[in-house]
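Number of protein chains: 2
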Amino acid sequence: MQHFSDRLAAAIRARRSVVCVGLDPVLERMPPALVAKYRPQAAELGEDEAVAACFQEFCSGIIDAVAGFAACAKPQAAFFEQYGAAGWRALGAVIRCAHEHELPVILDVKRGDIASTGAAYGRAAFGGAPGFAAPVAGLAADALTASPYLGDDSLEPLVAHCADGKGVFVLTRTSNPGAALLQEREVEGQPLYVCVAELVARLGAAHMGDAGYSDVGAVVGATSPASLRLVREALPHAFLLVPGYGAQGAGADALADVAAGGAAGFVVNASRSIIYAWQTETAEYRRAAAGAAESMRNDLASAL
Amino acid sequence: MQHFSDRLAAAIRARRSVVCVGLDPVLERMPPALVAKYRPQAAELGEDEAVAACFQEFCSGIIDAVAGFAACAKPQAAFFEQYGAAGWRALGAVIRCAHEHELPVILDVKRGDIASTGAAYGRAAFGGAPGFAAPVAGLAADALTASPYLGDDSLEPLVAHCADGKGVFVLTRTSNPGAALLQEREVEGQPLYVCVAELVARLGAAHMGDAGYSDVGAVVGATSPASLRLVREALPHAFLLVPGYGAQGAGADALADVAAGGAAGFVVNASRSIIYAWQTETAEYRRAAAGAAESMRNDLASAL
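Sequences listed follow chains A and B, in order.
Here numbering that gives the first Met the number 0 is used: the first residue of the first sequence is 0, the next is one more, and so on.
Here numbering that gives the first Met the number 0 is used: the first residue of the second sequence is 0, the next is one more, and so on.
Please keep in mind that the hints were generated in silico from the structure rather than gathered at the bench.
Careful, some of the hints might be misleading.
[What the hints assert, rightly or not] Derived contacts from chain B toward chain A, CB cut-off under 8 Å, selection only:
no.	residue
1	K109
2	A179
3	R184
4	E280
5	E283
Quick caveat: nothing in here was measured; it's all calculated off a predicted structure.
Each residue gets a CB set at the ideal place from its N, CA and C atoms; glycine is no exception.
Chain A with its partners taken away, still in its complex shape (with noise of 0.2 Å):
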């Protein structure tokens, strides 16, 4: 089985991008072409199953279309669970999309989870539930992202799936005005995350792949370079996710440093800013993200 390192290494090579595009869908936002195709579809099917056909194939349009120019994409669950049932089948066949496209898919549901619960988390993801007679495919993702409040026990479980190809990327440092609050607090005199990047690094020593990063990552917003070097020294060897790019915050300078290795060791997320670009170029939607993330990727080539 390749390691997801090792996918995610070989994507960004492939593409000359370490750009993943986020996939955030939201009602308000869907282009007037697709709202005029579904809203008639909501008497007949239920608000939940026409609103999530029409993410699907908004979200299959933006993989479409930005394929060329992504190392990966990143679903965020929580717009697809507001759909409930419906919801979540739209995010496996959005997912199935990617894997057409050979992106793997960084599932973003900041899950954590004890013992058997935190299994089951993982298998939601990743696949593999106990059915009557054979295991059950689950949204069959690449790679997810952890919350790491309740400690290593609550990792573990996810990051055994690594063993199978997968991938784990922790809270670390996010790009929130709230994240500080917790992550920035002193402990032993250093700040609260960089006990979590040496978590991260701990558990991701037993699961090195052949390009030299760890399956094990860590999530480390843009938005504060210096946060970013000291994760960065914490763990040299594992593929940070970078959000809180453009709209948020930081450019390509402060990224150029946390470089690692032959494939970058980091991919920098971009959601709204390219699926939605089709309201700011006024563009059809698809050539609008599709230029959105060329033009991304050609800002951070300076990483590669």
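Dock chain B against the given chain A, drawing on the hints supplied.
Structure of chain B alone, referenced to chain A:
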């Protein structure tokens, strides 16, 4: 709109019980009669649908049996999510069943994300996702569990639902062995989880019910009586959701200390010791669950 905390206080007083029944269905512990009924359906409906239907009947049976002895029910989303859309639908049906028995439902999802994503998680649990013509109902839970690692701006979109009669339990000091790794770290002379408890107090102050409790509570394991007392000091008016009773550790004595107000101010979760009592008692599963819930209620009666 009645406060969540008032509904929970009323349920505690009506049942004279602080028992929270955790619904953690796993296939390998389903009673033989249910397995015999649903196993043949797997070939026709698919493994996911057959297992989800089995879980739905099992959990509904448990709810019927324990409703007279329990203050609330706590379905664990992970066990349903691993069966995809079918599992999500079964989870919704289980929540509706609890509501038919007037049991408040705490959805155990441990979510936490920022801004619009956090809001989407809130709508997944509580309802209100936008549709083309009308909002979507969501799972219609009464409360959810939330993770604090991302800080206050990740909890605020969830706490906002308290104005609509909902509740939030923030992970504060959990009962698992790995919890200490971050939660017990010393920050400015006190453990990190006390910082979280202070955050819970701050977020909950604006959402006080008529019974004297806030709609924003805390998850605190029974495994460490010292932590329970520290959290109670920081949160004199919050409901505590206490896992780790019975199988995992502490007994009723440790809890009497942290009672607060006219409805005890806490609920104690037990999952496996109630729902799988049939395996140790070799009785019909519903009768065994009712017996286990009743005796747990009686053990904890001194708190009321």
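To test your reading of the hints: which numbers does this structure violate?
When the structure is compared with the hints, numbers 4 and 5 turn out to be violated.
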